[in-house]
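Using our numbering, the first residue of the first sequence is number 1, and each one after it goes up by one.
Some clues are possibly wrong.
Unchecked claim - Straight-line distance between alpha carbons at most 25 Å, and here's what the computed PhoX-like set of lysine-lysine pairs gives:
no.	residue 1	residue 2
1	K51	K171
2	K191	K171
3	K369	K304
4	K138	K51
5	K191	K410
Note that these hints are calculated values from the structure, not bench results.
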Amino acid sequence: MRLTAYFMPTLKENPAEAEIVSHRLMLRAGMIRQASAGIYSWLPLGLRVLKRIEQIVREEQDRAGCQELLMPTIQAADLWKESGRYDDYGKEMLRILDRHEREMLYGPTNEELITEIFRASIRSYRELPKLLYHIQWKFRDEVRPRFGVMRGREFLMKDAYSFDLDFAAAKRSYNKMFVAYLRTFARMGLKAIPMAAESGPIGGDMSHEFIILADTGESKVYCHRDFVEFDVLASAPDYDGDLEPLVGYWTSRYAATDDKHDAKAFAAVPAEKRIEARGIEVGHIFYFGTKYSGPLKAFVADQKDEQHAVHMGSYGIGVSRLVGAIIEASHDANGIIWPEPVAPFKVGLINLRASDDACVAACNQIYDKLAAAKIEALYDDRDESAGAKFAEMDLIGLPWQLVVGPRGLKAGVVELKARKSGAREEHSLESALARLSS
RNA sequence: CGGGGAGUAGCUCAGCCUGGUAGAGCACCACGUUCGGGACGUGGGGGCCGGAGGUUCGAAUCCUCUCUCCCCGACCA
Numbered sequence: 001m002r003l004t005a006y007f008m009p010t011l012k013e014n015p016a017e018a019e020i021v022s023h024r025l026m027l028r029a030g031m032i033r034q035a036s037a038g039i040y041s042w043l044p045l046g047l048r049v050l051k052r053i054e055q056i057v058r059e060e061q062d063r064a065g066c067q068e069l070l071m072p073t074i075q076a077a078d079l080w081k082e083s084g085r086y087d088d089y090g091k092e093m094l095r096i097l098d099r100h101e102r103e104m105l106y107g108p109t110n111e112e113l114i115t116e117i118f119r120a121s122i123r124s125y126r127e128l129p130k131l132l133y134h135i136q137w138k139f140r141d142e143v144r145p146r147f148g149v150m151r152g153r154e155f156l157m158k159d160a161y162s163f164d165l166d167f168a169a170a171k172r173s174y175n176k177m178f179v180a181y182l183r184t185f186a187r188m189g190l191k192a193i194p195m196a197a198e199s200g201p202i203g204g205d206m207s208h209e210f211i212i213l214a215d216t217g218e219s220k221v222y223c224h225r226d227f228v229e230f231d232v233l234a235s236a237p238d239y240d241g242d243l244e245p246l247v248g249y250w251t252s253r254y255a256a257t258d259d260k261h262d263a264k265a266f267a268a269v270p271a272e273k274r275i276e277a278r279g280i281e282v283g284h285i286f287y288f289g290t291k292y293s294g295p296l297k298a299f300v301a302d303q304k305d306e307q308h309a310v311h312m313g314s315y316g317i318g319v320s321r322l323v324g325a326i327i328e329a330s331h332d333a334n335g336i337i338w339p340e341p342v343a344p345f346k347v348g349l350i351n352l353r354a355s356d357d358a359c360v361a362a363c364n365q366i367y368d369k370l371a372a373a374k375i376e377a378l379y380d381d382r383d384e385s386a387g388a389k390f391a392e393m394d395l396i397g398l399p400w401q402l403v404v405g406p407r408g409l410k411a412g413v414v415e416l417k418a419r420k421s422g423a424r425e426e427h428s429l430e431s432a433l434a435r436l437s438s
C-alpha cells in the first residue's frame, strides 16, 4: 500500500480526550476515530489489526474443534424473558422497539440465542459434545465507557458455547477452551495468565479470567511469578487427548483476581515469587452447568433415554479490546510496537528522497518485489522530510522499516531497521528481502 | 449513578475574571530554498466561540437552561 493513497490520518499531538497510552496511540496512528462515548469507527489501519487478531482467534477456535457460526446483533426480547435475564440485565442492555412496537435488544451476549439454536436441533447425547462460536459486535450500555476500545460500549467479542451431557464432559470442553486461549494469546505475543475469577452476572461456578499484566489494567491481580516464565507454544496440544495435565500445570500456581483473592494462600507463595499488579482481562471462560438449559428447556436424551438439561459453558475473548491491550503491553515513547503476527503491515518501505528519480525507481522496484514475495508493505512514497517519515513509521509501529535513500543506493545497500530493538542492518536488496521472508 | 473538569480553526490551546472588529502553534494550499531521524522563507484558505433562551447600545466573555465529551468512584468483557 502506498501511503500517498492510503487513508491513515495521523495526529502529531495527543487528542485531549485520550488518557491512556493505547487510546492515544490508536487515535494518533489513525487506527480509530470516536463516534460517540464508547463507540468507535475503525479506520483502515486499525481494521487491519482487528482482522488479524480476529483471524488468530478464529484459527485457534477451529483448531480446538469449535465451529463458527454467526448470530445477529439484534435479538428479540422473548428468549431473554424466558431465561429471566430480560429483567436482570438492567440498564446495561440496550433495548429497542421495532416498528411493530415489538421489544428488541442489541445483544450484550448470546447464551439465550445459542441455547435456542441448540435446543431446536439437538435431541441426543450421541450428537454431543458441541462447541460453537461466533465473532460478533456486542453492545453493553456501560455507565462509564473509557480507555478507548478497552472499555467501549460497542465491542467485538468472540463468544463460544459448549454443550455436554454431564459435568465430566463439560470439563473436557472447558479444558479445550482453556488451552485454546493460552495458544491464542501467546500467538499475539501476549503473556496472558489464567486466574481464578468470579463468574459475575453470567452465572456459574468454574471460571477463569485470562489476564495481561499492565499498569493501566482495570483489575488488581495477584499471581505467582512462575507464570511469566511458562511457555505455551512449546507443545502443540492434542485436543482429542487428555488436556487435564496441561490445564493442571497452568493452574498449579496461585493466580487470582481481586474478587477471588485469598490473602492467606497468597502469603504462602514465597515473597520473591509474588506478583501484585494490575491486569487487563482479555478472555473469560465459564462453566455454568444448566443455568440456561434448564429454564430454556434444552434437554438431551442419554443412553437410557432419560432427559437431561445440557451442561453448558461460555467462553469470551474481547477481540476489539485486545487491540488496545496489545498496545498497552507493547509500545515505547515513540509509538506502538506491533508483535509481528498482528501487525497491520510487516514492513514500512521508506523512500528518503521522493524527489529523486533514481531513488523513486529503486523504491518502486523494491515495492514490487515485496508484493511478489507476499510481504505486506506500507510504502511511504510521500515527499516529506526523513524525520517526519521515521517518526510516523515509529508511531504506527510496523515490525520492520526498510530505508532507501540516495546515499545507500550509491553504495548498493538499503537499511533494515527492527522497530522493537531499534537495530539497524545494512543489506543488499536481495538479503533484505531474504531477511524479511524468513 | 455520585463527585470533579472541559467544549473557541482539522489537532493542541490562549482569549472569558474586568463585555467593544476572533487569536497562536501545528496541520492544510501555492511558490521558492532544502533534504539520511518530526526543515526554512514568503504568501494564502479555514471559525454561528457546543445549542437555546436571557441581560445589554453591544456577548466567545455575564445569567439561566440544555446537550456532549473527559477524569475519579461504584459497576462491568
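Failing hints, ascending? Failing hints, ascending: 1, 3 and 5.
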